[in-house]
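There are 2 protein chains.
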Amino acid sequence: MASKSLFLPNRPLKVVILGSSGAVGSELIKILSERDFPISELVLLSSERSEGTIINWKEKEIVTKKATEHEFFDADLVFASAGGSISKKWLPTIQEQNAILIDNSSAFRLENNVPLVVPEVNADDAFNHDGIIANPNCTTILLTLALAPLNKISPIKRLIVSTYQSVSGAGQRAMEELKFLTEKFLKGDPQKSEVLPHSLAFNLFLHNSNMLSNKYCEEEMKMVNETRKILNIPNLKISATCVRVPILRAHSESVNIEFENVIEPKDALEQLKNSNGIEILEDYEKNRFPMPSDVMGKDNIAVGRLRTDISNPNGLELWLCGDQIRKGAALNAVQIAELLIPRK
Amino acid sequence: MASKSLFLPNRPLKVVILGSSGAVGSELIKILSERDFPISELVLLSSERSEGTIINWKEKEIVTKKATEHEFFDADLVFASAGGSISKKWLPTIQEQNAILIDNSSAFRLENNVPLVVPEVNADDAFNHDGIIANPNCTTILLTLALAPLNKISPIKRLIVSTYQSVSGAGQRAMEELKFLTEKFLKGDPQKSEVLPHSLAFNLFLHNSNMLSNKYCEEEMKMVNETRKILNIPNLKISATCVRVPILRAHSESVNIEFENVIEPKDALEQLKNSNGIEILEDYEKNRFPMPSDVMGKDNIAVGRLRTDISNPNGLELWLCGDQIRKGAALNAVQIAELLIPRK
Chain A
1 MASKSLFLPN
11 RPLKVVILGS
21 SGAVGSELIK
31 ILSERDFPIS
41 ELVLLSSERS
51 EGTIINWKEK
61 EIVTKKATEH
71 EFFDADLVFA
81 SAGGSISKKW
91 LPTIQEQNAI
101 LIDNSSAFRL
111 ENNVPLVVPE
121 VNADDAFNHD
131 GIIANPNCTT
141 ILLTLALAPL
151 NKISPIKRLI
161 VSTYQSVSGA
171 GQRAMEELKF
181 LTEKFLKGDP
191 QKSEVLPHSL
201 AFNLFLHNSN
211 MLSNKYCEEE
221 MKMVNETRKI
231 LNIPNLKISA
241 TCVRVPILRA
251 HSESVNIEFE
261 NVIEPKDALE
271 QLKNSNGIEI
281 LEDYEKNRFP
291 MPSDVMGKDN
301 IAVGRLRTDI
311 SNPNGLELWL
321 CGDQIRKGAA
331 LNAVQIAELL
341 IPRK
Chain L
1 MASKSLFLPN
11 RPLKVVILGS
21 SGAVGSELIK
31 ILSERDFPIS
41 ELVLLSSERS
51 EGTIINWKEK
61 EIVTKKATEH
71 EFFDADLVFA
81 SAGGSISKKW
91 LPTIQEQNAI
101 LIDNSSAFRL
111 ENNVPLVVPE
121 VNADDAFNHD
131 GIIANPNCTT
141 ILLTLALAPL
151 NKISPIKRLI
161 VSTYQSVSGA
171 GQRAMEELKF
181 LTEKFLKGDP
191 QKSEVLPHSL
201 AFNLFLHNSN
211 MLSNKYCEEE
221 MKMVNETRKI
231 LNIPNLKISA
241 TCVRVPILRA
251 HSESVNIEFE
261 NVIEPKDALE
271 QLKNSNGIEI
281 LEDYEKNRFP
291 MPSDVMGKDN
301 IAVGRLRTDI
311 SNPNGLELWL
321 CGDQIRKGAA
331 LNAVQIAELL
341 IPRK
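Just so you know, the sequences run in chain order A and L. Going by the working numbering, the first sequence wraps up at 344, each residue one higher than the last. Going by the working numbering, the second sequence wraps up at 344, each residue one higher than the last.
The following block holds chain A by itself, in its conformation from the complex (with noise of 0.2 Å):
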């Protein structure tokens, strides 16, 4: 593996995007068009199932191609979010390229020498990475923004969560049954769903990932690791449910959290107002919290309906919602590779 740079180079960039025509995908070239991101030129990869999708960028259309060595010639970054036996496929050549590869896959995330970086979180952490950087799953980007500025007020000991997971998660097809199935529904007619396992349709289940020996699934599992490594607390206590709902694009979160010592609701609340990437959305008066409709299309997760747990004094409940496709995955990709731009 040839030397890499820990920053990218400090001019327009040649970008390459691994999986672009699905739902991250898109919406990584979205962002990356209104964020400016410094792009000479942008390679739009997919499956041969999607290859010659016609995609926008800026005043151009630009094809999607199937994924050849050729196309990673002088790469400087790769957005990879096919998928990590694609992520791992390509990585021999993003690397003979000295490409940096920032990788929405679960295939690298838990390597002992690749960053899993939340940049409001754990930005410090991008620059130990030697050509790969991973993104966390979605569920946990969400979850560590809000519990790392409370984990600086008081140490988290533990932590209880169920999750209320969009279908997105699933990808944009899994997006299409689910409005396709609820039409069904709603007409009376008979549903067999194809993507996912069981129609979503005024549905929901627990999440089909696979189950580890130890009955927890592997997407509850990346939860308790991810957040392990990117808090930097090795041995939290953490459990989670996770759970499918007929929900398009925002992940919601219950979080049960114990702390070290006591923390008032309203001095995390100001903690967390204070803390980038974090909305503030709580007014008891009123009942209003977030909700999956208030944060799509949106950076910012929303946070609130913060209470002392009352069967804990050293606990919080705390809720939040966040798009799952933006902050969730494509904007956390592209915070992460800005990082790497060298400031001038």
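If you are wondering where the hints come from, they were derived from the structure by calculation, not from laboratory data. Possibly wrong hints are sitting among the right ones.
Where chains are identical, the list cannot tell them apart; a pair therefore holds if satisfied intra-copy or between any two copies.
[What the hints assert, rightly or not] The calculated lysine-lysine pairs, modelled on PhoX-like cross-linking and capped at a C-alpha distance of 20 Å, are:
#1 Lys266 to Lys215
#2 Lys266 to Lys298
#3 Lys215 to Lys273
#4 Lys286 to Lys192
Given the coordinates of chain A, assemble chain L onto it according to the supplied hints.
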């Protein structure tokens, strides 16, 4: 107040239903018929808005009437499901007739001389009544059904619950609104909720019941206080976060349980398997666990996904779904009434 018998008379009964045209009232009528409850006369009362609704009862049609004192004359049993203020209003009239009130509202649930009963859990409590027996809140019924058998293996010390509650808990009109607004969403039309505080179409929100001074809402404190009363653990530590999700009539609950001792998931499962009112739906190989669609219209709740809490050796995580209108309300009320029928 006249002295009352603990049992219902041993003959076909005059039964009055207050709130007979609502979601729970309609299900009550259906269940009384299905279970061949001994009825000589059925009086169906409703709000002025729904007065005159024609309801099928066995081979007859019954027209719902506005409640007046006259309608309660000689009643043996009253099911009330029209809200706390209506139950309170008609209580003196019901008591004058020496009728027994099975009340689905929260008006009397925590009163000392009012038993709060889930027949599979605390049937004996029903016989300490003084004319009123309270039907617990939907989420509490489903929860205590699963907890009571486990509490016999090892005392429960602490509970942390997050709910996924269907709209049926907000009534028939909320169910219609969810379907109507979802249709509008799919057409791209603007949505304005009138029954619920926000549109639930592909959306969810924290339960909108009144906020209390401890920053828990009434719905959450119902779960806290009613679970303590039903399980007879007055100091049980319990925290709940109640969430309304776009599901029509089944609630789900993610339950973190801390016991006095270690309980093996297989022993917990065995215990639940041998308990009434519970169906086990747990297949780790096929990744198949309870969903709302599994329990719609069913008497039993479905429980599964039992696993040792990786953050606490004395903890179990558990997942359950149950039909909110049926076991969560109407069926439980009828089962309470059945307890009071003298055995031959």
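Do the hints match the structure? See the list:
no.: 1; hint: Lys266 to Lys215; in the structure: between (37 Å within a copy, 12 Å between copies)
no.: 2; hint: Lys266 to Lys298; in the structure: neither (25 Å within a copy, 44 Å between copies)
no.: 3; hint: Lys215 to Lys273; in the structure: between (37 Å within a copy, 19 Å between copies)
no.: 4; hint: Lys286 to Lys192; in the structure: between (40 Å within a copy, 18 Å between copies)
Checked against the numbered hints given earlier, the structure breaks only hint 2 and satisfies all the rest.
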